[in-house]
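Q: With the hints in hand, could you dock these two chains into one complex?
Chain residues, written in single-letter form:
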Amino acid sequence: MKTPVLQIRTPEGIVFSQALAGPVIRFLAWLLDLFCVMVALTVLGYAISLLNLISTNLALAVYTVSYFVVSIAYGIGTEWAWRGQTVGKRLFRLRVMDAEGLRIQFSQIVIRNLLRFVDALPMFYFVGGLACWFSPKCQRLGDLAANTVVIRIPRLSEPDLDQILAGKFNSLRHFPHLVARLRQNVAPTEAALALQALLRRDEFEPLARIELFERLATHFREKVPFPPEATDGIADEQYVRNVVDVIYRTER
Amino acid sequence: MIIDLQRFVEHNRPCWTELEQALNRLEAEPDTRMSLESLQHLHLLYEQTTADLARLSTFSAEPEIRRYLESLVARAYGEIHETRERRRRFYPMRWLFQTLPQTFRRHVRAFWLSLAITLVGCAFGGFALAFDPAAKAVLLPFGHLQGDPSERVAQEESVSTDRLAGHRTTFSAFLMTHNTRVSILALALGMTWGAGTIILLFYNGVILGAVVTDYVAAGQTRFLLGWLLPHGAIEIPAILIAGQAGLILAATLIGRGQRARLSTRLRSVSGDIVTLIFGVALLLIWAGVVEAFLSQYHEPFIPYAAKIAFGAVELVLLSLFLAKSGGRKADRAKL
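Read top to bottom, the protein sequences are chains X and R.
The working numbering applies: residue 1 is where the first sequence begins, and numbers increase by one.
The working numbering applies: residue 1001 is where the second sequence begins, and numbers increase by one.
Bear in mind the hints are in silico, worked out from the structure with no lab data behind them.
Please note: incorrect hints may appear among the correct ones.
[To be verified] Derived Cβ-Cβ restraints for the label pairs, each shown as a range:
(1) X:F106 - R:R1181: 19 to 29 Å
(2) X:F106 - R:G1255: 45 to 55 Å
(3) X:L207 - R:I1254: 55 to 65 Å
(4) X:R93 - R:Q1021: 15 to 25 Å
(5) R:L1282 - X:L53: 51 to 61 Å
(6) X:E214 - R:Q1021: 42 to 52 Å
(7) X:L28 - R:K1324: 48 to 58 Å
(8) X:E211 - R:S1035: 51 to 61 Å
(9) R:S1319 - X:E12: 23 to 33 Å
(10) X:F126 - R:D1132: 33 to 43 Å
(11) X:L53 - R:R1181: 37 to 47 Å
(12) X:T231 - R:E1082: 48 to 58 Å
[What the hints assert, rightly or not] Coverage of chain X stretches by chain R, computed from C-beta distances (three or more under 8 Å per stretch; other residues unrestricted):
(13) 60 to 66
(14) 91 to 102
The C-beta atom is built at its ideal place from N, Cα and C for all residues, glycine as well.
Just chain R, with the same shape it has in the complex (with noise of 0.2 Å):
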């Protein structure tokens, strides 16, 4: 059966009119709350289109008036079941104190799942080291690490001008959005069903299990401490919650024991993920600035023992921040 089709849209095109302005309110303006009454009338209206579109779907149809009803019944499709609560205001302090610890914890064997690689990348590192030093050309590839660690530590120590003098924000900068760029990819290669951190994570972990190896078998653990602990205490977490973030993506795609469907398990945590994500970024800000103007300078500079306390003092923090924060309450009513 073919249908009048200028008696139906000129029947029915008040209804679609009304809906697409009471769309354009809504996505104009989507922090109104909207009464009971409206609510129901957009409802009314999305039926009433919807049955519309099923009319033109079932009889002869003009492509351009179906898209069109599709375009709108699409729209209101997405206002009326989305189901997802909509933030109103973002608060940033609640953000930091509550969402960002109470989301770390929440997903916690993933953290400890992202250490645990890095470890025993450390202890690949450090093995490899110990038991080839030729090797180190090769798991440290920087310049600055391939010499001899005494003839360093000697050479930092011997120096009496700033190197960085005129140069520590450009180096900050460069190492906030550097390290904020490999947490980003840490992230995204979750998408590797994992494979892409877990390798990111261990080589990480290769090259600090080396350098600490190398160093320490040196004998210049203190200059060590003192040169990694003050931006190390943040930045290796950092790294760490980056992988969190892209292992709690790979779960999530191969959602062994789950369920729901995977665009349903995608969309439960897309909330977490971004929030570790930013909080990474958060703390890599921190970690550069440390490492520019802090980390590089040296006895006689500043005392070993001050830098590592700093660190020490950071890392307690860091950790009381992402144990505590939030609160256990919250914790559990959040569950």
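Chain X with its partners taken away, still in its complex shape (with noise of 0.2 Å):
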């Protein structure tokens, strides 16, 4: 199933996505929220029993209106000191945002906080989560009212370059007539899918690698073929990430 993307076009003209977060994934965290919301509350518990000290009634008056703030304030408190996160969120690496990529508002936090009441209908958020199901943009009723939705956050990180190209001995680099004819052969999509191979390489079973290396380096010779003196004795990993080198950098 293809991640569901929220797509804001800047009026500079610049389209960027995120990548919004499913039923399923928000179900877990939630389940985590719900778990940190009971330990807070038995803590809470804890604490107010000592009023019993002074009054039975008093502790329990202010053990039920704890419940209740602590109930719904958690989720608006956390989502506003964390722009947009809760513990759940956090852990699983989600975050709230305004649909359209403006800066989250406290009243929309609490709006999409208070509608969990329909959310939550008739248990365990079957009506949110049946609308998060169906909605293009992934929302529940509290963050259709609320116009937000949850997006996953990347991991930030550059790849590793130079752990794949640099300080390899590139045979292809002998002819550069060929060179520029494989760089202007090879599709953009092809040489991201060249490089995200060999990114993951170590995440591959063995005969998947070989086959999928294979296969790569079949399809980059067929594209243009390189003189036998280039291409003797190295393995089709080794060619992929060859063409990889050639194609990404350019010698200085």
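A: Rendered as structure tokens:
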């Protein structure tokens, strides 16, 4: 299933996208938040029980109000303090944001949290889950009313290109006219695919890894055939590495 | 065309890092006022980064860097293109005596509709009970309202001990939380294009109308007023205001006669809805205290006249507050 994304076009005409969180991961984050609320209430319950020394009636009243306030204010407070994140959302790398990509407002946070009363009906967020499932932006009713979405926060790291490309002898560079033709013939998506294969090479099963790089190498060999002295004795994975190197890095 | 990724990153990274640091500062200290030069510089960094993102989108892109840039641009876009006022400080008294009543008046038609629906429910409940007293069990599904009103009054007035002694605070807390929950539900059900809110208001009206008819028909009007007015003078308007918020939400969703997009419409009323619901919560706290500490005590403990007068004064003060507080001038200025 394709990950739903929120696409925003800025007035400058730039389009950027944010991956949206689906109902399952949001439910898991909610379970974690529920656990946090339970822990908070238990701790609070112990603290409030000290009021029993003064009055049992007062202790019970304070607990009743505290239970209500904590269960509602947890989401509002944490999302406001952490710019759209609760404990559960932090751990699952989710964030609430304005559906137009603007800064989220306090009123939006309050509305999406108050409308949990409807989303939670009849139990376990059935209504909210259904709405989220069918909504193109994965919004529950609270999100629709508050004009918010929940996005997945990508792990932001730049690829370690040096590890893949630098310091390796590249036999293809001895044929600059063929390298130029290769750069011309290879589509950006193909180049990106090869780069990703190299970046994730250790995640594959050994057999799958051999098969993948064999197919990629065959594909690139067919695009621009290099003479045998440039390719003999080079494993498929090394060939793909050389291809990516000449595509992504021009010699200075 | 495929760009030299490493050179591209090395060349542009200082700009991205600077933008990221500026955004981190802005997010950590939202109250900071930026100078014009800083703002212009932030905008320049944003434009440079969006241009880099555009280049990456056009040419071959390494997904990680593209995601990184998209995340940066998204954060900067939110800060730069946000035109809604950022509230720097919350003034409770100004909110209570200006913002809340002004917001109420701005959407007063939704309140009148909320009141009308409740009154229709009252009329329905009253007529239903008058024509078919056997329907009482269905109309009033609460044990203490099932019996004969005259018997209940006699029983309440013969009590010599304080029934709520030792439980008043708990009872009050229960009432506050329960009524607030019902009010939030009345608001939230606005998402059903108002159908849920209307049903809830109508149902509340049916119960109220049936109770009133039952006690008036039994000749217990004084008891009824003394029992309901002290807390009802605040509690019932509070529920009506919650209904008003739900109806505002519903009207915004339906958007009849409005040309703005749904998201724009919702954005324009979200602050008002939150103001109203917080106002409702405040009213219900007061109503909960009054119901537990005053409404449940009858003659000979407290004279009915005193209770009725107290409720009437509350109602007048609340009406004045909602109608006048904040001033007409401020209303006009806001419009």
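Q: All hints are to be evaluated individually against the structure, with a verdict given for each.
A: Here's how the hints hold up against the structure:
1. X:F106 - R:R1181: 19 to 29 Å: 21 Å, holds
2. X:F106 - R:G1255: 45 to 55 Å: 24 Å, violated
3. X:L207 - R:I1254: 55 to 65 Å: 59 Å, holds
4. X:R93 - R:Q1021: 15 to 25 Å: Once the Cβ atoms are compared, 22 Å apart, the range 15 to 25 Å for R:Q1021 and X:R93 holds.
5. R:L1282 - X:L53: 51 to 61 Å: 30 Å, violated
6. X:E214 - R:Q1021: 42 to 52 Å: 45 Å, holds
7. X:L28 - R:K1324: 48 to 58 Å: Since X:L28 and R:K1324 have Cβ atoms about 51 Å apart, the given range 48 to 58 Å holds.
8. X:E211 - R:S1035: 51 to 61 Å: 59 Å, holds
9. R:S1319 - X:E12: 23 to 33 Å: 52 Å, violated
10. X:F126 - R:D1132: 33 to 43 Å: Cβ of X:F126 to Cβ of R:D1132: about 37 Å, so the range 33 to 43 Å holds.
11. X:L53 - R:R1181: 37 to 47 Å: This hint is violated: roughly 30 Å between Cβ atoms.
12. X:T231 - R:E1082: 48 to 58 Å: With a Cβ separation near 55 Å, X:T231 and R:E1082 satisfy 48 to 58 Å, so the hint holds.
13. 60 to 66: holds (count 5)
14. 91 to 102: Three-residue rule met by the region 91 to 102 of chain X, so holds; n is 6.
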